[in-house]
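Participant: As a plain string of letters, each chain reads:
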Amino acid sequence: MRLDPRLPIPRNESLLLGAIGFFAFLGLWSGIAASGFVPRSFLPAPWEVADRFTHLLTNTFAGFTLPQHLASSFGRYAMGFGLAAVIGIPLGLMMGWFRWLDDMVTPVFDALRFIAPIAWVPFAALWFGTGIGGPIMIIFSGAFPPCVINAYRGARYVERHLIEAAEMLGTRSFRMITEVLLPASIPSIVAGLRVAAGLGWQSLVGAELIVASSGVGYMMVQGQSAVSTTTVVAGMVAIGIIGVLIDVALRAFERGVRRARGLD
Amino acid sequence: MSRRSLIGLATVGALLVLWYVLTMVTGTINTGRFPSPDDVWVAAGQIVAKGYANGRLHIHILHSLKLVAMGFLFAISVGVPLGLLMGWSRRAEALINPIFLVIRPIPPLAWIPLAILWLGLGDAAKIMVIFFAAFVPAVINTYTGVRNIATPIIEAARMLGTPRLALVSEVLVPAAMPSIFTGLRLALQASWTTLVAAELVGAVAGLGRILNVAQQDLYPGMILFAMIWVAILGWSTTKLLAIAEQRALPWVQVRG
Numbered sequence: 001m002r003l004d005p006r007l008p009i010p011r012n013e014s015l016l017l018g019a020i021g022f023f024a025f026l027g028l029w030s031g032i033a034a035s036g037f038v039p040r041s042f043l044p045a046p047w048e049v050a051d052r053f054t055h056l057l058t059n060t061f062a063g064f065t066l067p068q069h070l071a072s073s074f075g076r077y078a079m080g081f082g083l084a085a086v087i088g089i090p091l092g093l094m095m096g097w098f099r100w101l102d103d104m105v106t107p108v109f110d111a112l113r114f115i116a117p118i119a120w121v122p123f124a125a126l127w128f129g130t131g132i133g134g135p136i137m138i139i140f141s142g143a144f145p146p147c148v149i150n151a152y153r154g155a156r157y158v159e160r161h162l163i164e165a166a167e168m169l170g171t172r173s174f175r176m177i178t179e180v181l182l183p184a185s186i187p188s189i190v191a192g193l194r195v196a197a198g199l200g201w202q203s204l205v206g207a208e209l210i211v212a213s214s215g216v217g218y219m220m221v222q223g224q225s226a227v228s229t230t231t232v233v234a235g236m237v238a239i240g241i242i243g244v245l246i247d248v249a250l251r252a253f254e255r256g257v258r259r260a261r262g263l264d
Numbered sequence: 001m002s003r004r005s006l007i008g009l010a011t012v013g014a015l016l017v018l019w020y021v022l023t024m025v026t027g028t029i030n031t032g033r034f035p036s037p038d039d040v041w042v043a044a045g046q047i048v049a050k051g052y053a054n055g056r057l058h059i060h061i062l063h064s065l066k067l068v069a070m071g072f073l074f075a076i077s078v079g080v081p082l083g084l085l086m087g088w089s090r091r092a093e094a095l096i097n098p099i100f101l102v103i104r105p106i107p108p109l110a111w112i113p114l115a116i117l118w119l120g121l122g123d124a125a126k127i128m129v130i131f132f133a134a135f136v137p138a139v140i141n142t143y144t145g146v147r148n149i150a151t152p153i154i155e156a157a158r159m160l161g162t163p164r165l166a167l168v169s170e171v172l173v174p175a176a177m178p179s180i181f182t183g184l185r186l187a188l189q190a191s192w193t194t195l196v197a198a199e200l201v202g203a204v205a206g207l208g209r210i211l212n213v214a215q216q217d218l219y220p221g222m223i224l225f226a227m228i229w230v231a232i233l234g235w236s237t238t239k240l241l242a243i244a245e246q247r248a249l250p251w252v253q254v255r256g
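Residue numbers (the working numbering), protein chains in the order written: chain C, 1 to 264; chain Z, 1 to 256.
Everything labelled a hint here was simulated from the structure, so no lab data went into it.
Using N, Cα and C, we set each Cβ at its ideal position, and we do this for glycine too.
Please note that a few of the clues may not be correct.
In silico SDA-like cross-links for lysine to any residue, where the CA-CA straight-line distance does not exceed 20 angstroms [as the list claims (entries may be wrong)]:
no.	chain 1	residue 1	chain 2	residue 2
1	Z	Lys239	C	Glu254
2	Z	Lys239	C	Asp110
3	Z	Lys239	Z	Ile29
4	Z	Lys239	C	Gly82
5	Z	Lys66	Z	Leu249
Each pair of labels, with its calculated beta carbon distance range [as the list claims (entries may be wrong)]:
no.	chain 1	residue 1	chain 2	residue 2	range
6	Z	Pro163	C	Ala71	40 to 46 angstroms
7	Z	Pro81	C	Trp29	21 to 27 angstroms
8	Z	Pro163	C	Asp247	52 to 58 angstroms
9	Z	Val204	C	Asp110	42 to 48 angstroms
10	C	Val86	Z	Leu9	27 to 33 angstroms
11	Z	Arg56	C	Leu162	35 to 41 angstroms
12	C	Trp127	Z	Asp38	16 to 22 angstroms
13	C	Pro46	Z	Thr144	43 to 49 angstroms
14	Z	Arg91	C	Thr58	52 to 58 angstroms
15	Z	Pro81	C	Ala71	24 to 30 angstroms
16	C	Arg258	Z	Glu155	47 to 53 angstroms
17	C	Leu162	Z	Ile228	38 to 44 angstroms
Chain Z stretches covered by chain C per the calculated footprint, using a threshold of three residues with CB under 8 angstroms from any CB of chain C [stated by the list, open to error]:
no.	region
18	54 to 65
19	125 to 131
20	217 to 223
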């Protein structure tokens, strides 16, 4: 008798149930859309979204084609995320080494943490404009905290005997950070980068909904004003796909790093 | 007071003094771009007494709080039971997971345009967006909590013929509680972020609405004042949840 229903079920059964679930979802969606109970402009059918998606691949909407919008989004994203990593990781490592810096920065950081990244939008627009600078600042504010926190944690949990050995050999602060703390914290930093990538992607979408003149978020806002539900849903699909690709890439990177370290 | 909190306090104090000096004494920072303490004070006085962006401060705060509370409660009252079900039964998990895998990669903020198309700029659209933001962490963490319960506990309960309802209320929920609370904390944070974003895109009242109008009016004092309130509300609701967690799980060390 199966006392614990949490135990694995046969693979075939699990695949079958998964297929039933997926097709029930698609069927329900198509059924409601095709039945005419709700206007098509309100709930387009799955095939209409797919049509719109392929249409947007080669035709312009809101000034650009979907790949161009995505490229513009991705450019901003890479810059905001890169900036967060380049500033956040050294700051976190330094906070992990210098006690006074930790004591100074942590309270300020804790206070700022509760401001949702998206609440920076008005200042971002005021300081850097709505073209490329504003959205970059929002992505930065989303991706920055996990970069700092994980570098800091990594540096704080470096094994004592490594630090003591380096100190015995007369290592100064700068080399201690670059040659002891940094290499020892890499797994923690990479885990932080993955969290940061997700938060940054989410912030990018928010930023583009409010301040941008290109990008996939902007395309969705324009689709919304034009009451083109298919464009909006096609945008959501594109955002979801890129989000998954970013996560898959970073997961592979993390696995590679962990394996190179002999951690897995 | 510890050395650590003294240094922290001194840093915050020094930053405030620096802010005052740079904006009001030397004028190094252009107050058209970042407000002086005086500007924030004036903005605070204006919105508290006369109102700004369709209402006085307490109207906006209550409006935002109400929407977060409704969206959050709605999301967890669907998400936690669903997480329990998916954690409990492999079959239910296999059936529901594909739908979940489609919804999960879509960032909550990406629902905003669709919510506006479906429900307009009113409260219902905000609740829908908060629902999608808070739902996912509530499900995932409840699910993980149930999955991590040791098998002997489940087997013992079933061997003793525990009725279904009692199994959920006496075994699954208490054992998964720490993980469920983690989910609630993440769900609450997500609720605030998405609410502010949704209100920035379009709303009749709320903190995001203040930010939006202040941005159009180029009114840095009001922008900063609204941001401070975003932080205060986010902090205090998180604190409230931590207190509830401490009450519910006295044996767990809750991180502030």
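Participant: Could you run down the list of hints and mark each one as holding or not?
Facilitator: Hint by hint, here is what the structure shows:
1. Lys239/Z / Glu254/C: 33 angstroms, violated
2. Lys239/Z / Asp110/C: The hint holds at about 13 angstroms.
3. Lys239/Z / Ile29/Z: 34 angstroms, violated
4. Lys239/Z / Gly82/C: 32 angstroms, violated
5. Lys66/Z / Leu249/Z: Status violated; Cα separation ~27 angstroms.
6. Pro163/Z / Ala71/C: 40 to 46 angstroms: 58 angstroms, violated
7. Pro81/Z / Trp29/C: 21 to 27 angstroms: This hint holds: roughly 23 angstroms between Cβ atoms.
8. Pro163/Z / Asp247/C: 52 to 58 angstroms: For proline 163/Z and aspartate 247/C the Cβ distance comes to about 41 angstroms; the hint is violated.
9. Val204/Z / Asp110/C: 42 to 48 angstroms: 33 angstroms, violated
10. Val86/C / Leu9/Z: 27 to 33 angstroms: 30 angstroms, holds
11. Arg56/Z / Leu162/C: 35 to 41 angstroms: For arginine 56/Z and leucine 162/C the Cβ distance comes to about 58 angstroms; the hint is violated.
12. Trp127/C / Asp38/Z: 16 to 22 angstroms: 20 angstroms, holds
13. Pro46/C / Thr144/Z: 43 to 49 angstroms: At 31 angstroms between Cβs, range violated.
14. Arg91/Z / Thr58/C: 52 to 58 angstroms: 43 angstroms, violated
15. Pro81/Z / Ala71/C: 24 to 30 angstroms: The hint (24 to 30 angstroms, Cβ to Cβ) is violated, given that proline 81/Z and alanine 71/C are roughly 42 angstroms apart.
16. Arg258/C / Glu155/Z: 47 to 53 angstroms: Violated - the Cβ-Cβ distance for arginine 258/C and glutamate 155/Z, about 34 angstroms, lies outside 47 to 53 angstroms.
17. Leu162/C / Ile228/Z: 38 to 44 angstroms: 42 angstroms, holds
18. 54 to 65: As far as the region 54 to 65 of chain Z goes, the hint is violated, because 0 residues have Cβ atoms under 8 angstroms from chain C.
19. 125 to 131: violated (count 0)
20. 217 to 223: Answer holds; 3 residues pass the 8 angstroms Cβ test.
Of the hints listed earlier, those the structure fails to meet are numbers 1, 3, 4, 5, 6, 8, 9, 11, 13, 14, 15, 16, 18 and 19, in rising order.
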